[in-house]
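**Student:** The lines below spell out each chain.
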Amino acid sequence: MPSIKIPTPLRPYTEGKQIISIEGETVGEALSFLLSLHPELKEHFYKEDGQLSRFANIFLGNKHIITLQDLETPLLEEDILRIIPSIAGGIDL
Amino acid sequence: MNTLTLEKLDMQVDSLPARVGNTPLLPLRRVTLGLPPSVNIYAKAEWFNPGGSIKDRAALNIIQTAIANGDLTPKKRLLDSTSGNTGIAYATFGAAMGIPVTLALPENASKERIAILRSLGVDLILTEASEGPEGSMKVVREMLAKSPDKYFYANQYGNPANWLAHYQSTGPEIFNQTGGTITHFIAVMGTSGTMMGTGRYLREQNPQIELIAGQPTKPLHGLEGMKHMQSALHPDIYDAQLHDRVVEIETDEAYTMVRRLAREEGLFVGLSAGAAAVAALHVAEELDEGVVVTIFPDAGYKYLSNEELWR
Ligand SMILES: Cc1ncc(COP(=O)(O)O)c(C=O)c1O
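Sequences listed follow chains R and D, in order.
For what it's worth, the working numbering labels the leading residue of the first sequence as 17, then goes sequentially.
For what it's worth, the working numbering labels the leading residue of the second sequence as 27, then goes sequentially.
Everything labelled a hint here was simulated from the structure, so no lab data went into it.
Bear in mind that the values here come from a model prediction, so they are computed numbers and not experimental data.
Any given hint might turn out to be false.
What the hints assert, rightly or not - Pairs of lysine-lysine, DSBU-like flavour, derived with a Cα cap of 35 Å:
no., chain 1, residue 1, chain 2, residue 2
1, D, LYS244, D, LYS164
2, R, LYS21, D, LYS137
3, R, LYS79, D, LYS102
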């Protein structure tokens with residue numbers, strides 16, 4: 017099962033969990049799965065207009081998903097997604 | 027040779043540490059249009075410090091206190107976790123005073139900050155981005171536990187010399203520069219040192235002065251240098267009872283204000299200064315009269331790679 021790493025500022029909304037196993041064939045499905053487990057996270061990922069927040073950067077390995085196939089990026093069993101808070105001007109790893 | 031000659035000529039020899047503090051207090055004139063003439067906002071221009079930010083005050087006091095206490099001896103390296111400005115300040119005075127510096131920071135810190143720290147000769151340890159500043163702190167504590175004799179752990183989040191720097195300098199400067207007329211003090215918080223030290227000093231001079239802390243609205247934000255206290259590990263030096271209230275600032279509001287400060291006031295400042303100005307305006311808008319003072323922690327240079335900010 018793929019998993020997703022939760023950054024420190026969001027752990028209050030995941031009962032302190034740092035890493036969560038997720039189901040899904042794509043990043044988008046994995047994200048929906050995560051948000052169904054922890055609905056309180058939703059407002060931190062999406063803006064009011066339904067767009068993904070630019071402060072919750074989703075990385076697969078060292079690549080931002082927007083440099084891959086965004087929410088359509090396929091996930092493998094052993095993949096680990098990371099949510100990386102943006103520190104101004106420094107999100108490309 | 028040079029210094030000798032200068033001394034012989036009896037010239038005034040300056041030093042970096044001597045130039046820390048005594049920064050200008052600048053009035054905001056245009057972004058404040060619409061406020062009654064009896065309400066004024068002033069900003070402490072902290073980028074006038076030699077290392078370029080307010081953190082010079084804390085870093086220098088941490089170093090000087092540790093030397094005086096015997097905690098920082100000639101064989102030790104200064105060690106701390108920092109996302110930027112404190113590190114630049116340690117590195118600047120470290121280089122000037124011959125103190126080697128090792129710093130841990132999250133790998134997603136801005137390019138400019140990493141480049142500046144490398145240029146100043148810091149030994150840098152980049153830590154996992156999703157662990158944030160807490161992750162850097164953990165790495166530092168592990169290194170210290172392994173080689174306690176090698177390092178002086180500066181611990182900006184827990185070292186009283188951080189807030190005392192502001193109690194001894196920022197606070198008295200603001201009180202004197204306003205001729206004691208300040209009514210409201212606003213500071214954004216990272217370690218909270220600025221608010222704790224300046225706030226305590228001002229409170230002692232005049233208990234009527236209102237202390238207001240600026241905070242990002244959400245745990246994920248784009249306001250580098252600022253902590254969302256509700257979701258973060260509280261710094262040991264932070265006392266949530268000190269400030270009277272908290273004003274929350276959206277990243278977008280702060281970005282817009284950074285552009286306005288540059289273009290309408292000629293103040294090319296960083297993100298947290300934009301946030302501080304937004305909070306100060308919120309406070310000022312509720313007043314009929316008042317002297318509102320805030321802090322502009324640094325200049326805009328370190329944020330140039332943030333394309334969204336300058337668009
Ligand atoms: C740009 C910037 N703004 C604000 C702050 C907050 O200052 P303090 O740590 O005194 O709360 C810092 C430092 O942490 C900073 O680097």
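**Student:** Indicate, hint by hint, whether the structure satisfies it.
**Tutor:** Status of the hints after comparison with the structure:
no., hint, result
1, D:LYS244 - D:LYS164, "24 Å, holds"
2, R:LYS21 - D:LYS137, "24 Å, holds"
3, R:LYS79 - D:LYS102, "38 Å, violated"
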